[in-house]
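Just so you know, we're using this note's numbering here: the sequence shown kicks off at 32 and counts up by one.
Don't read these hints as lab results, they were simulated from the structure. Cβ atoms here follow ideal geometry from the backbone N, Cα and C, with glycine treated the same way. Just so you know, not all the hints are guaranteed correct.
Using 35 Å as the maximum straight-line C-alpha spacing, the simulated DSBU-like pairs for lysine-lysine come out as follows [what the hints assert, rightly or not]:
1) Lys96 x Lys166
2) Lys83 x Lys136
3) Lys85 x Lys161
4) Lys85 x Lys165
Label pairs and their computed distance ranges (CB to CB) [what the hints assert, rightly or not]:
5) Arg91 x Gly53: 42 to 48 Å
6) Thr121 x Leu56: 26 to 32 Å
7) Pro188 x Thr137: 24 to 30 Å
8) Arg170 x Tyr100: 15 to 21 Å
9) Lys136 x His104: 27 to 33 Å
10) Ile61 x Phe174: 16 to 22 Å
11) Asn139 x Asp106: 37 to 43 Å
12) Thr129 x Val88: 44 to 50 Å
13) Thr145 x Val88: 42 to 48 Å
14) Gly195 x Asn86: 16 to 22 Å
15) Ala146 x Tyr184: 35 to 41 Å
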Amino acid sequence: MDIQSSVQSLTVPSANLLAINGGLLALLIIFVLFSAFFSMTETVFASISEAKIKNYVEERRTGAKKALYCVEHFDRTLTTLLVGNNIVNTALSTFALTFFMGFIKTGNLELISTAIITIVLLIFGEITPKTIGKKYNDRLVLFLAPIIYVISYILFPISIIFMGV
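Please take these sequences and the hints and turn them into a complete structure.
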């Protein structure tokens, strides 16, 4: 299939389909933001020293005790983050395919959707958030720790399966 026939296979969706796709687009953006959150948090906890967290605890900084718990139980924290990111990215891929079905009418829909989502996830869900997490880990850890602490309890039934692997 050449480029011209690929372009011709694009369709202009109806107003109803645009509304549905608008909702799907909003959902996709939310999933990318959640992916960024999990990726950034992984880097924050992997790159900060336990000594720095203990110093925060001594200073009685808000979130420091939960941050210390997350660092001291890094296997559980990491498993929680990976499970969360995997759930979000799988949902993102599924909904992205549905979203692109409204615009792309070619046999290469899965390939095009996968390529677009891979690029978006690499830039906005992995590389950029991890760079930010590494650079600002000392500022972010106290903010993120209480959130991850709660998420680790929510995802514990799933995470426990993978923690022994």
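Of all the hints given earlier, name the ones this structure violates by number, lowest first. Per hint list: 2, 6, 7, 9 and 14 violated.
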